[in-house]
Amino acid sequence: MTNVIDLDAVRAGDRIALARCISQVEDQTQAGRQALSALFPFTGQAHLIGITGSPGTGKSTLTAQLAREFRQPPAGDIPQRVGILAIDPTSPFSGGAVLGDRVRMRDLAGDEGVFIRSMASRGALGGLSAATAAAASVLDAAGFGIILIETVGAGQDDVEIVRLAHTTIVVEAPDMGDDVQAIKAGILEIADILVLNKADLPGVARAERALRSALELADSNRPFNQGGGHHRAPLEHEPVFKTGWRVPLIKSIATSGQGTSEIHRAVLAHHQFLMDQKKWDAKNAERLTSELERSLREELYRTWQRTVDPHTYRQMLKQILARRVSPQQAAIDLLKQPKSSK
Amino acid sequence: MAGQKIRVLMSKPGLDGHDRGIKVITRALRDAGMEVIYTGLRYTPEMIVEAAAQEDVDMIGLSILSGAHMSLVPRVMELLKSAGMDKVKVFVGGIIPEEDIPALLQTGVTAVYGPGTSTQVVVQDVEVAVGKAAL
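As they're listed, the protein sequences go chains B and Z.
Per the numbering used here, residue 1 is the first one in the first sequence, and the count goes up by one each step.
Per the numbering used here, residue 1001 is the first one in the second sequence, and the count goes up by one each step.
So here's chain B without its partners, still in its complex pose:
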């Protein structure tokens, strides 16, 4: 295995160089870190679009359809190169993973302007893998103007994507739960675009009503409320990038392509909205800040791990197992330990 990454080839969009670069980045090797640093100045061009929702709602099919919309836009628009990152869960028991999103993306094969990479979550929570943001940066630097990120089908807490993507599409399907599910915190809150897929299945009218009323409920809590009814005080903690945008609810049948051009238009409208409202930069700043914080946490942990005395660590573990010291207290004590004198 050679660890040398040809950065010029990556930037020129060479598929093998690009694929190897993503592997190094994903494995967090020295070469991967160096490549990321060298590529970083060339990032910041791409529109990152997250596609999330429960398992079985049709995320992969919809992702493929959306990619096609960007590849074959209405007359007058320039086709964009599309990178796809599809994340599937790693088994917590074996560490292995079955990455099956390509099954639904078969029709994109043969298109030079599309690059699909399957990623295992590798133990990360929240629907992405630890290296998803980094892999997106590599695709960004390689000139992919659109990056579609399909999360693990997790559900109510699958919200990491909102930190990474400029636009988040939440995919629902009929009969996935009652209307109380729809107003719980989490997945619906993060939607910039809400899609009710599988609109040919029974129960679609009920699902649509539930989602629409959940959206209205959310809207009435916002200062720019355009509807009638009660006028409430604006919420103070409303994320800045959300305010002013009315979340559209779009019905689709991804297997036949119905509704996908409407989703495409909504994505373009959201992009325009972020630009007009100067929220694009705010969104980027938010994302890079959280990336910096995460990197700091990882780096601090790695640094600490190198210095901790394994014997002290084992002793502490024994204390915990004997229920004499709580894990929380042990962490504080371990951080206070003098560096091992080797």
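Calculated directly from the structure, the hints in this document are not laboratory data.
There could be a bad hint or two in this list.
Chain Z is faced by these chain B residues, among others (derived, beta-carbon under 7 Å) [to be verified]: (1) Ile16; (2) Leu99; (3) Val103; (4) Phe115; (5) Ser118.
Restraint-style ranges between C-beta atoms, simulated for each label pair [to be verified]: (6) Z:Glu1099 with B:Pro55: 51 to 59 Å; (7) B:Gly257 with Z:Arg1020: 40 to 48 Å; (8) B:Leu317 with Z:Val1121: 36 to 44 Å; (9) B:Asp8 with Z:His1018: 40 to 48 Å; (10) Z:Thr1119 with B:Asp8: 37 to 45 Å; (11) Z:Asp1100 with B:Leu300: 54 to 62 Å; (12) B:Ser295 with Z:Pro1097: 54 to 62 Å; (13) B:Ile332 with Z:Ser1118: 49 to 57 Å; (14) Z:Asp1100 with B:Asn284: 50 to 58 Å; (15) Z:Ser1066 with B:Ala75: 36 to 44 Å.
If you want a taste of the chain Z side facing chain B, the calculated C-beta under 8 Å gives, among others [said to hold, decoys possible]: (16) Gln1004; (17) Asp1056; (18) Leu1104.
We treat Cβ as the ideally placed atom computed from N, Cα and C, and that holds for glycine.
Chain B is already provided as a structure; the job is to place chain Z on it using the hints.
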């Protein structure tokens, strides 16, 4: 910590729709700690090699029960070579007549598995072929 996970692409070239075997092997490789990209049915050799390139896999597993192995397998091997992906290993499983096996091995595939093969054998062979341990 650099993971260096074994990545395997499992695909069915050609037109047969019998995917029980490939799913059993996919699952066995997963349980051995590998990351397995499963493409599903009806992939052409071109699509398989392109997917293998994008996914940067160590190995490709082809499942063929249609009898078209003598045209599909050599084509995959050829395309890998011309793409400069000689390092990617290939194994074949399915209904392959005994007399075709030497010719398939000649094209460079590491192994040909028939019905009744133990999944453990496949797992170990993959680890040996790519020179990494799973997990």
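Against the structure, the hints:
1. Below 7 Å, beta-carbon pairs count as interface contacts, and Ile16 of chain B has one with chain Z at about 5 Å; its hint therefore holds.
2. The interface hint given for Leu99 of chain B holds, since its Cβ lies 5 Å from the closest Cβ of chain Z, which is under the 7 Å cut-off.
3. For Val103 of chain B, the suggested interface contact is upheld, since its CB lies about 4 Å from the closest CB of chain Z, less than 7 Å.
4. Hint status for Phe115 of chain B relative to chain Z: holds, with the closest Cβ pair at about 6 Å, below 7 Å.
5. A cut of 7 Å between beta carbons decides the hint on Ser118 of chain B: the least distance to chain Z is about 5 Å, and the hint holds.
6. Taking 51 to 59 Å as the suggested C-beta distance range, the pair Glu1099 of chain Z and Pro55 of chain B does not conform, at roughly 45 Å.
7. Between Gly257 of chain B and Arg1020 of chain Z the C-beta distance comes to about 30 Å, which lies outside the given range of 40 to 48 Å.
8. One distance hint, 36 to 44 Å for the beta-carbon pair Leu317 of chain B and Val1121 of chain Z, holds here, with the actual separation near 38 Å.
9. Checked against the hint of 40 to 48 Å, the pair Asp8 of chain B and His1018 of chain Z passes, with Cβ atoms roughly 44 Å apart.
10. At roughly 43 Å, the beta-carbon separation of Thr1119 of chain Z and Asp8 of chain B lies within the given 37 to 45 Å, and the hint holds.
11. Checking the proposed 54 to 62 Å range against Asp1100 of chain Z and Leu300 of chain B shows it holds: the Cβ atoms sit about 58 Å from each other.
12. Taken as a hint, the range 54 to 62 Å holds for the pair Ser295 of chain B and Pro1097 of chain Z, whose Cβ atoms sit roughly 55 Å apart.
13. Here the CB-CB span from Ile332 of chain B to Ser1118 of chain Z is close to 50 Å, well matched to the stated 49 to 57 Å.
14. With their beta carbons about 56 Å apart, Asp1100 of chain Z and Asn284 of chain B fall inside the hinted range of 50 to 58 Å.
15. Between Ser1066 of chain Z and Ala75 of chain B the C-beta distance comes to about 41 Å, which sits within the given range of 36 to 44 Å.
16. Interface restraint check: Gln1004 of chain Z against chain B, minimum CB-CB distance 6 Å, threshold 8 Å, status holds.
17. The interface hint given for Asp1056 of chain Z holds, since its Cβ lies 4 Å from the closest Cβ of chain B, which is under the 8 Å cut-off.
18. Taken as an interface hint, Leu1104 of chain Z does not check out: its beta carbon lies about 24 Å from the nearest beta carbon of chain B, beyond 8 Å.
Hints 6, 7 and 18, counting from the list given before, are not met by this structure.
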